[in-house]
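Engineer: For reference, the chains in residue letters:
2 protein chains.
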Amino acid sequence: MDKIHINIIGGGNVATHLIREFLKHPEIHLQQLYARNLDQLKEFEGIATLINDLNLLTPADITIVAVSDDAIASIARQLENYPSLVVHTSGSKSMEELQNLEKGVFYPFQSFSKERKQINFKNVPVLIEAENPENLEKLTFLGNILSDKVYEMNSSQRKALHIAGVFAANFTNHMYVLAHQIMKENNIPFDLIVPLIHEVAEKVSNLPPIEAQTGPAVRNDLKTIEEHLAALDKSKKKIYELLTQSIIENKNLK
Amino acid sequence: MDKIHINIIGGGNVATHLIREFLKHPEIHLQQLYARNLDQLKEFEGIATLINDLNLLTPADITIVAVSDDAIASIARQLENYPSLVVHTSGSKSMEELQNLEKGVFYPFQSFSKERKQINFKNVPVLIEAENPENLEKLTFLGNILSDKVYEMNSSQRKALHIAGVFAANFTNHMYVLAHQIMKENNIPFDLIVPLIHEVAEKVSNLPPIEAQTGPAVRNDLKTIEEHLAALDKSKKKIYELLTQSIIENKNLK
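Protein chains in written order, with the working numbering: chain Z, 1 to 254; chain P, 1 to 254.
Okay, chain Z solo, but in the shape it has when bound (with noise of 0.2 Å):
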């Protein structure tokens, strides 16, 4: 079978990973990678045709705007008469945000930083839609090769998912910002709370996470809550007493 062809445009967290990722399966040809900034695909100088003017790009089996959800919109106006089917990878913007291009979504579920050299794509799960099922099928073969977690989601399931990822992902590391900061504080190094901060994530892979909690807020343990809040600064104290509340509220109604 021919390969598939693919273009990618940006050069930020998600396009970075994902053009790591395309080019260890030799049944995809990344044709073109854009930014405006060069600068941010470096890493693939020499490997990929770069190049940061739109009006230069050729067209695919399907170009990915890997972009801030922002600049969505704006790169679909300067696309405008592209003829080839145009997806983008975020999970809050709804398809029709790519107006009227040859439109769909490729979602990967993943929180991505550049300095992660690896992730492992096969559990990713990748959130497809499209306006056809031509176009569906194509995404569904792209992802198929990355992940073995291809779903077809509306733009309204996505939102809730993205919404959901907010919290299990972004606040939770803050979580570990937080406990990072009160350690420094007194001197304990960092490692300390790492295999502890593995086993809570580890917990959910077979115990639904209310099952799971444990602390001084589910024990209802008013006294290290006390002792707890005492010690904590303004803003953590804020946090520590929002968070220890809902804790106690979600225990009541389990």
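Treat the hints as calculated values from the structure; they're not laboratory data.
Heads up, a few of these hints could be off.
Stated by the list, open to error - Here are the simulated lysine to aspartate or glutamate pairs, EDC-like style, with alpha carbons at most 16 Å apart: (1) K122(Z) to D191(P); (2) K223(Z) to D69(P); (3) K223(Z) to E249(P); (4) K234(Z) to E249(P); (5) K238(P) to E43(Z); (6) K238(Z) to E241(P); (7) K236(P) to E249(Z); (8) K149(Z) to D191(P); (9) K117(Z) to D191(P); (10) K237(Z) to E249(P); (11) K237(P) to E227(P); (12) K114(P) to E152(Z); (13) K103(Z) to E152(Z); (14) K117(P) to E202(Z).
Once you have looked at the hints, place chain P on chain Z.
Structural biologist: Structure of chain P alone, referenced to chain Z:
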């Protein structure tokens, strides 16, 4: 070398995991297990001596009080004239909670749920404290049987570490609970988010959490933030607002 003789007081999550682990090591003799309600120790029937009367407790090398924070002082009072080393397993209580017993602390820094069958103890930091070098050596000896990471830590540092753990483990798990609710309301299976949860936890193995932060808050993507807030119920909205604000504040501090 002779076996080290251990008694364990308690039948909750920490006691259960310590007992399961100790049973794997031939160097450890589990002498007596105490719980007020012997049902809690049912899985150890026929494997160790179970008692539900503290007057029956015999001297040992180390007696580990693995009970809820609030119960430690009462156990200590009941053990008043007990002649050998007694340690508790609490992050937040000082060693003094054990009053005038020969005392110490043996704090495995991990989140324990009975429902999790196995924990890799080799990676679990064990923080110990004692009143004299002899007892410190005893606790080090026991700690080294289980873990590669045994450190002496005083009560005040241990308390800070415990607070960090509340953020990185208990509050993090609560973020998973909220994500789960959002997904359930939208008929999305929880499985879909597990790879994301794992990746976010994995990242901090080699990236400081502040560098690993992704999502609308750190990108200052106000449009997405507003859309998310509009989609959330009152209690999740409050949490979303506060944590978003905190992510932005910390970004500016960076």
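Engineer: For every hint, state whether the structure bears it out.
Structural biologist: Quick rundown of the hints versus the structure:
1. K122(Z) to D191(P): The given pair, whose Cα atoms are some 14 Å apart, holds under the 16 Å limit.
2. K223(Z) to D69(P): Given pair K223(Z), D69(P) holds - Cα atoms ~9 Å apart, limit 16 Å.
3. K223(Z) to E249(P): 30 Å, violated
4. K234(Z) to E249(P): 13 Å, holds
5. K238(P) to E43(Z): Measuring from Cα to Cα gives roughly 41 Å; hence the hint is violated.
6. K238(Z) to E241(P): Holds, at roughly 12 Å.
7. K236(P) to E249(Z): 12 Å, holds
8. K149(Z) to D191(P): 11 Å, holds
9. K117(Z) to D191(P): This hinted pair is violated, its Cα atoms lying about 24 Å apart.
10. K237(Z) to E249(P): 15 Å, holds
11. K237(P) to E227(P): At roughly 11 Å apart (the allowed maximum being 16 Å), E227(P) and K237(P) satisfy the hint.
12. K114(P) to E152(Z): Violated. K114(P) to E152(Z) sits at ~37 Å, over the 16 Å cutoff.
13. K103(Z) to E152(Z): Distance ~14 Å between K103(Z) and E152(Z) Cα, so the pair holds.
14. K117(P) to E202(Z): The given pair, whose Cα atoms are some 12 Å apart, holds under the 16 Å limit.
Of the numbered hints stated above, those contradicted by the structure are hints 3, 5, 9 and 12, listed in ascending order.
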